[in-house]
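So the protein sequences, as listed, match chains A and B.
Heads up: the first sequence runs through residues 1 to 117, numbered per the working numbering.
Heads up: the second sequence runs through residues 1001 to 1112, numbered per the working numbering.
For the record, the hints were derived by calculation from the structure and aren't laboratory data.
Glycine included, C-beta positions come from ideal geometry on N, C-alpha and C.
Treat the hints with care, as some may be off.
Claimed, not checked - The list that follows gives simulated cross-link-like pairs (lysine to any residue, SDA-like), each with its CA atoms no further than 20 Å apart:
| hint | chain 1 | residue 1 | chain 2 | residue 2 |
| --- | --- | --- | --- | --- |
| 1 | B | Lys1049 | A | Arg113 |
| 2 | A | Lys15 | A | Asp97 |
| 3 | A | Lys44 | B | Val1087 |
| 4 | A | Lys44 | B | Gly1009 |
| 5 | A | Lys44 | B | Thr1020 |
| 6 | A | Lys54 | B | Gly1097 |
| 7 | A | Lys44 | B | Lys1060 |
| 8 | A | Lys51 | B | Asn1098 |
| 9 | A | Lys78 | B | Ser1014 |
| 10 | A | Lys44 | B | Glu1008 |
| 11 | A | Lys41 | B | Lys1056 |
| 12 | A | Lys44 | B | Thr1024 |
| 13 | B | Lys1056 | B | Ser1072 |
| 14 | A | Lys78 | B | His1074 |
| 15 | A | Lys41 | B | Lys1060 |
| 16 | A | Lys51 | A | His29 |
| 17 | A | Lys44 | B | Lys1056 |
| 18 | A | Lys41 | B | Val1087 |
| 19 | A | Lys44 | B | Thr1104 |
| 20 | A | Lys44 | B | Thr1026 |
| 21 | B | Lys1060 | A | Pro8 |
| 22 | B | Lys1049 | B | Ser1014 |
Said to hold, decoys possible - Covered stretches of chain A (chain B as the covering partner; in silico rule of three or more C-beta atoms under 8 Å from a C-beta of chain B):
| hint | region |
| --- | --- |
| 23 | 31-41 |
| 24 | 44-54 |
| 25 | 68-79 |
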Amino acid sequence: EAGVTQFPSHSVIEKGQTVTLRCDPISGHDNLYWYRRVMGKEIKFLLHFVKESKQDESGMPNNRFLAERTGGTYSTLKVQPAELEDSGVYFCASSQDIVGGRTDTQYFGPGTRLTVL
Amino acid sequence: GDSVTQMEGPVTLSEEAFLTINCTYTATGYPSLFWYVQYPGEGLQLLLKATKADDKGSNKGFEATYRKETTSFHLEKGSVQVSDSAVYFCALRRNTGNQFYFGTGTSLTVIP
């Protein structure tokens, strides 16, 4: 079974440019999450999709970040315009549902390392 | 708010040494606790978990016990190998909602 995949693995852009990150979850996983690790600090939650709907987007830093999951399969995270402080590693994770609305273990992708110059 | 604090690295050990990586948490209620590991060039992998107080999670020789009285979930291994070199993340998930809260990660290097 294929794991969570992310593209690209690395991205280097200049301040003010736009970047789009992609995440393909494990097939059949309705839950998809985005996280970010900045400058060796803790990994922070950004948002949670259930199928195509945003369940929780409380961690999104500002309106320069836009996440979509059309059709409930893969997801994209767009940063527009990118700022220096957006540099970091962006992780995607997916999980199945279990009884009572709680989700199973989250399976993580390898991450996309974003550098904004 | 909910948070996880883990010991800062980097940690360098000789092969077969004993490993402890400390992790403490702050949370309301009764969270589930996890250790994830990230090997070079790979994504985070679940190493072990515990869902209630006094539970012990174990995998690949690693162990951690959920201690509610000390709000801790320290990771231990009796004899580390070179292949254990990785970054280790402690995390919690509240008993409501599905968001994870991670620590800053501890880099471990095991030398032959």
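Verification of the hints:
1. With a C-alpha separation of about 27 Å, the suggested pairing of lysine 1049(B) with arginine 113(A) is violated against the 20 Å cut-off.
2. For the hint pairing lysine 15(A) with aspartate 97(A), the CA-to-CA distance comes to about 38 Å; that exceeds 20 Å, so the pair is violated.
3. As the CA atoms of lysine 44(A) and valine 1087(B) are separated by approximately 16 Å, the hinted pair is consistent with the 20 Å bound.
4. A distance of roughly 19 Å separates the Cα atoms of lysine 44(A) and glycine 1009(B); the hinted pair therefore holds under the 20 Å criterion.
5. As the CA atoms of lysine 44(A) and threonine 1020(B) are separated by approximately 24 Å, the hinted pair breaks the 20 Å bound.
6. Between the alpha carbons of lysine 54(A) and glycine 1097(B) the distance comes to roughly 13 Å, so the proposed pair stays at or under 20 Å and holds.
7. At most 20 Å may separate the alpha-carbon atoms for a hinted pair to count; lysine 44(A) and lysine 1060(B) exceed this at roughly 27 Å.
8. Only pairs whose Cα atoms come within 20 Å are accepted, and lysine 51(A) paired with asparagine 1098(B) is accepted, the gap being roughly 14 Å.
9. Of the supplied pair hints, the one linking lysine 78(A) and serine 1014(B) is violated, its CA atoms being roughly 43 Å apart against a limit of 20 Å.
10. Our distance criterion of 20 Å between C-alpha atoms is met by lysine 44(A) and glutamate 1008(B), whose separation comes to about 17 Å.
11. In summary, the hint linking lysine 41(A) to lysine 1056(B) is not supported, as the alpha carbons are separated by about 27 Å, beyond the 20 Å threshold.
12. In summary, the hint linking lysine 44(A) to threonine 1024(B) is supported, as the alpha carbons are separated by about 17 Å, within the 20 Å threshold.
13. Pair hint lysine 1056(B) plus serine 1072(B) holds up; C-alpha atoms about 12 Å apart against a cutoff of 20 Å.
14. Restraint check for lysine 78(A) and histidine 1074(B): the C-alpha separation of about 37 Å exceeds 20 Å, so the hint is violated.
15. Between the alpha carbons of lysine 41(A) and lysine 1060(B) the distance comes to roughly 26 Å, so the proposed pair goes past 20 Å and is violated.
16. The straight-line distance between the Cα atoms of lysine 51(A) and histidine 29(A) is roughly 8 Å, inside the 20 Å bound, and the hint therefore holds.
17. Taking the CA atoms of lysine 44(A) and lysine 1056(B), the gap is about 26 Å. The hint is violated against a cut of 20 Å.
18. At most 20 Å may separate the alpha-carbon atoms for a hinted pair to count; lysine 41(A) and valine 1087(B) meet this at roughly 12 Å.
19. This hinted pair checks out: lysine 44(A) and threonine 1104(B) have alpha carbons roughly 10 Å apart, not beyond 20 Å.
20. Distance check on the hinted pair: lysine 44(A) and threonine 1026(B) sit about 15 Å apart at the alpha-carbon level, within 20 Å; holds.
21. Under the criterion of a C-alpha separation no larger than 20 Å, the hint pairing lysine 1060(B) with proline 8(A) is inconsistent with the structure, at around 31 Å.
22. Between lysine 1049(B) and serine 1014(B), the direct Cα distance comes to roughly 26 Å. Violation of the 20 Å bound is thereby established for this hinted pair.
23. Given a C-beta distance limit of less than 8 Å, the hint that chain B covers the region 31-41 of chain A holds, as 6 residues qualify and 3 suffice.
24. Only residues whose C-beta sits within less than 8 Å of a C-beta in chain B count toward coverage, and the region 44-54 of chain A has 3 of them, enough to reach three; the restraint holds.
25. Only residues whose beta carbon comes within less than 8 Å of a beta carbon in chain B count, and the region 68-79 of chain A has 0; fewer than three means the coverage is violated.
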